[in-house]
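A.B. asks: Each chain, letter by letter, is given below.
Protein chains: 4
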Amino acid sequence: MPKPLNIGMIGYGFMGRAHSNAYHKVNHFFDLQLQPVLKAVCARDAAKARAFADTWGYESVEPDWRKLIERKDIDVIDICTPNNLHREIALAAAQAGKMILCEKPLAMNSKEGAEMAAAVEKAGVANMVWYNYRRVPAVTLAKNLIDEGRLGRIFHYRAVFLQDWTISTDLPQGGLALWRLDVAAAGSGVTGDLLAHCIDTALWLNGGIDRVTAMTETFVQERKHNLTGKVEPVGIDDACAFLARFKNGSLATFESTRYARGHKALYTFEINGEKGSIQWDLHDLHRLSYFDHRDEGRLRGWRSIHITDGDHPYMSKWWVPGLQIGYEHSFVHQVADFLNGLANNQPASPTFRDALETQKVCDAVLESGRTAQWVEVG
Amino acid sequence: MPKPLNIGMIGYGFMGRAHSNAYHKVNHFFDLQLQPVLKAVCARDAAKARAFADTWGYESVEPDWRKLIERKDIDVIDICTPNNLHREIALAAAQAGKMILCEKPLAMNSKEGAEMAAAVEKAGVANMVWYNYRRVPAVTLAKNLIDEGRLGRIFHYRAVFLQDWTISTDLPQGGLALWRLDVAAAGSGVTGDLLAHCIDTALWLNGGIDRVTAMTETFVQERKHNLTGKVEPVGIDDACAFLARFKNGSLATFESTRYARGHKALYTFEINGEKGSIQWDLHDLHRLSYFDHRDEGRLRGWRSIHITDGDHPYMSKWWVPGLQIGYEHSFVHQVADFLNGLANNQPASPTFRDALETQKVCDAVLESGRTAQWVEVG
Amino acid sequence: MPKPLNIGMIGYGFMGRAHSNAYHKVNHFFDLQLQPVLKAVCARDAAKARAFADTWGYESVEPDWRKLIERKDIDVIDICTPNNLHREIALAAAQAGKMILCEKPLAMNSKEGAEMAAAVEKAGVANMVWYNYRRVPAVTLAKNLIDEGRLGRIFHYRAVFLQDWTISTDLPQGGLALWRLDVAAAGSGVTGDLLAHCIDTALWLNGGIDRVTAMTETFVQERKHNLTGKVEPVGIDDACAFLARFKNGSLATFESTRYARGHKALYTFEINGEKGSIQWDLHDLHRLSYFDHRDEGRLRGWRSIHITDGDHPYMSKWWVPGLQIGYEHSFVHQVADFLNGLANNQPASPTFRDALETQKVCDAVLESGRTAQWVEVG
Amino acid sequence: MPKPLNIGMIGYGFMGRAHSNAYHKVNHFFDLQLQPVLKAVCARDAAKARAFADTWGYESVEPDWRKLIERKDIDVIDICTPNNLHREIALAAAQAGKMILCEKPLAMNSKEGAEMAAAVEKAGVANMVWYNYRRVPAVTLAKNLIDEGRLGRIFHYRAVFLQDWTISTDLPQGGLALWRLDVAAAGSGVTGDLLAHCIDTALWLNGGIDRVTAMTETFVQERKHNLTGKVEPVGIDDACAFLARFKNGSLATFESTRYARGHKALYTFEINGEKGSIQWDLHDLHRLSYFDHRDEGRLRGWRSIHITDGDHPYMSKWWVPGLQIGYEHSFVHQVADFLNGLANNQPASPTFRDALETQKVCDAVLESGRTAQWVEVG
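Protein chains in written order, with my numbering: chain A, 140 to 517; chain B, 140 to 517; chain C, 140 to 517; chain D, 140 to 517.
Everything labelled a hint here was simulated from the structure, so no lab data went into it.
Warning: the hint list may mix true and false statements.
Where chains are identical, the list cannot tell them apart; a pair therefore holds if satisfied intra-copy or between any two copies.
Here are the simulated DSSO-like cross-link-like pairs (lysine-lysine), alpha carbons at most 27 Å apart as the crow flies [said to hold, decoys possible]:
#, residue 1, residue 2
1, K250, K363
2, K187, K456
3, K282, K403
4, K142, K187
5, K187, K369
6, K282, K261
Being a predicted model, the structure only gives us computed values, none of them experimental.
Please model the complete structure; the sequences and the hints are all you need to start from.
C.D. replies: Structure below.
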């Protein structure tokens, strides 16, 4: 029987649900030496925390995150708060010797991120950032193919993350559900929220980025603020696009926006190599498109691979061929990898250190958006 | 807090996992008055039952299904056995006053099915058959659109369920994982396994079928039998196609096979009406294709609707727009509907009585396959 | 320089345009020993024939098809009339020793077709039927792959031809543009018009059909007739579906209708073999979908092959890779093959004899529609 | 009967074929007051010019383009030469009072382009540049929708033109078929060849561009030169990506490469507006994807519009609904529009003046590629 690993979660929003679901499911599908136990959830609003705990089976509610961190019966702190609280919580948790799972982006900026990475390393605690898309089986398969050299020399990388939910000027900013529009809570707009995912995947698949040139825009410049009740300037980037050069000589374009009518969460990437190419799309996350130049000439074509077979990453754990999994499963896989990493003493990626690299690219992108210059990634 | 509803499950295979997962998840996502409690799992192989119970958190193991049915602490019997055991278990469970959730197809044939429907009605126990695809949100939306008259008069229905997993002649028949190839356990081949799904959906969306003409084939006529160890004749239909006329005057084609290379579980249906058409595909179950003839002429086209919005059936319970759910969620929805049905005293469909209609069509199809005549649905 | 081959065309409708365009273009793109010369067009309505001749560059107009056949300066008679005139014209043309290109279907029924095939063979004149879809490069490639054994043993064939242009009850029947709805001129409805295409392709790709069972329907049973001005019964089949067994042991479903809302000319076929599968779709005729089971397991997927490369059939004659051709090019290819066949003394398929086989299947299908019995193909 | 318009074509390569085909076909399908007559083709290689003239029916061959321009029987000079000859020929033709149809890009750079635009305007001769993709019916429909305000305020434009034909280092540069790789003949690489198409469409659909920042790359830096026989530096850009800001406030990304394995000629654009979005793709040029936010919420989806109906631009001239046209037809449409423009005294776009705007953007892009700065479009 697996040994318990006690989770203390801070925050109870969308990500709180996704993580809690993963903790519940992981031992049903993966054979693991550890089993997460939902020990406590922490949030300022006691009634909401209580309701969340009831729904998800948390054993207790803890209103003060500092107290949660001090509790002896907590092994892991899971940070699901807005971005502006990541640093303070992480530093305290590291000091208290807790393992830390932190929502993405790691921090408000790379300065904070560097502090956090140093802190967990100094404390020697297991740590991971929830860049969950690495664990979509199709994306993991892409990684495997690239590592095996199936694409050969890489020429191009392109990624977009397109949404359309903030087009209305009536949408307010700030507060519980809309902190992502409030620069004080989020640090940035689409760059930290969406491009950070694209960058994390890209660094993982294609290595480091040398430099970028970016363009940002805030289409709606004032919105009512839910915390002040007043119309306030909007400080975030509504849209951001950038060009990049990777260390391996490949060229890239990245774009993200919340003003692309018709797209809800269209994260796509494509990578073109000498021998083959790969495409993936979050709206059909259970498929991978693959072009193999070594196929016979007249029969070359993009293959739409339905990633539901037992020989696809993670898929032997689920159902039978043809039956797709969804978004939430990427979190289950990430928990499984984290637990296996603990058992085998192998850190599961991305660690805080890994995620700091993404933060540096975000910083360079935002700086380039301000200065209209190419910026070297720090 | 919801009241417990004690589940006793018989069988622990693929469907046992799908149901258990649904019981675990349903209260995390749906606000319900009842909560399934995994009280006992029953299977002849004690070690396997024990392992299954440990993985899924069943409180006890019960080797004899008759004892399970007698237990006072069991409210619901969930039948996940091969088809040839459905009838006996269901009759006993009904007599014991248990609610019954039965895997599809309801029975080996409509004679058995009629007995079972009569038994649960006589006993006055809640009953439902796991035709889970009705609860895929895209399929439910299709039902809503048809009921609203968005398609107008229906002219055509076509459905296929294509697989390719039994092409190899080396595949044996019979035993635990392969009872679906053994006519003694399954009753039929693709007709009861796959076409039954297609028929259930079709009856639900398009009403009753008057008559059919069918063609069946067994491509591999002998396979080693896992229970006898000997090469035995194959008694199931490997492939089956039939033409049908619906009561509403529409024409239909149905086809199923396990010899369609390249398709794992490609259940698709299309329905053409005077005002519009609908297509759905299990390989991308989170999408619905819809053609609306009332759109402006030059702008008419098939819409690919990404069924992940809050105004799509069931989807407000899950994540945010753009983030897809998968196969397993259809079972969660079915459990939610069953529990809500209990709370509201509204039977959740398909009941045994509903599923009997599918059984009658299957019987007519198989008879037509034998006689090469059009057969009226009984 | 190529030698002239003088064409006399009878009829000037949609097919007259498609053929004339092909005659004009073929020598621009194919290196041939013969060049079609548009010598005369024949039609009862002199003004319309004149206008057609002016537009397309026919040297003369001939109101009486019998005179056209007698003309010494005509080498080839191209029959583009309604179906009920094919036989008479073809018999006369054969007797006059003319080569004959006949629009599909060959005849009103297989009795007529047999007469016609016998006549051209007796006369020893080159003959061909315009089943143009064989010459869509993707379809030709499918034929090549099957002949090479890339699919292995064939299990399944399925084809549909779906349209939606006759749903309105206000549409009249008969006369120039609508003779296809008039059973006296067309012989049948979708069976001869659309399924004939599907059957021709199927016989070519998959060999002979043993027997069929069919279902036909006329959804709109009375329409105003353009020739009589009165509401008349509709004699054609609006929809037809049938099951078939091929001589090679494979099973098939075929369906055609003009009541499938949302589809304009959706001719699709799929063929499943032991080693691979193929799909094609007239709405994207420049693509072929191909599944190769010999691909590495985790990388298997349907390939969407963009049939625009120089090593695809016919495509070296056109543009450069990536640039698609369209519907009309299939006729150009058919003319090119016919001219090459003449030069090499190799009959280009489908000959009248080949097309008679399709006619026999159509007859069996229509008979089965009437009798509700399986019918052996004559 | 239409009046003749005498064409003198200079060059006989890929574009010579595309134009000649268009001249031949246009009067078969469009009802026009003018009819192109293929009077003469001009090329230095007399034998090849002769063969081309024979194939395409040119009445004469003229080895010296200056003589062609002087000929009284020529009305229109069609420039199909490599880019480095456009200016000289155009200036001479304008001076001789000839109408001019010039292949794209207009010139080697905007300085040349400005001279050419001034020359044709001074001479008062009809002029047009072959940016043929404007006349793909789906693209024309996109233009119509935007002009009608169906998309509302535009937020985003993105375009790529992806090819993969120069990945091999063995491919030489220069000479007849490969002048596009020779900077002396082409002026630039993908920027003038492919991005020029993207920019022309973008300016047409979305208005002017204020400024750009670009990144260019030459992956293969030396290739054998067909004219010198020696390995020479490659002067063209193999790949180019740029960010842009349009005058209407929208943001754009553009990218082109000949190193995107798996793509032959994948020109795609997408435009996102407040009320709707549009996508188009050259690999399926007969389709337009359209998202209309005014559709009922739960039924919103991208519509795949099959652009083959009579109410789609240009399509009433061709076949029947469902039957697609191809690449070459865009040239036919452009000729038809040019001829109608002459008849109605309305210049057909893009004129030299229009195409100069594209040239200015190309210049700014290439300058930015060199300087790594944002560059204002001149």
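A.B. asks: Please go over all the hints and tell whether each is borne out by the structure.
C.D. replies: These are the hints, each one checked on the structure:
{"no.": "1", "hint": "K250 with K363", "result": "neither (30 Å within a copy, 50 Å between copies)"}
{"no.": "2", "hint": "K187 with K456", "result": "between (34 Å within a copy, 17 Å between copies)"}
{"no.": "3", "hint": "K282 with K403", "result": "both (25 Å within a copy, 24 Å between copies)"}
{"no.": "4", "hint": "K142 with K187", "result": "between (30 Å within a copy, 21 Å between copies)"}
{"no.": "5", "hint": "K187 with K369", "result": "within (25 Å within a copy, 63 Å between copies)"}
{"no.": "6", "hint": "K282 with K261", "result": "neither (30 Å within a copy, 58 Å between copies)"}
Against the hints set out earlier in the document, violations occur for numbers 1, 6.
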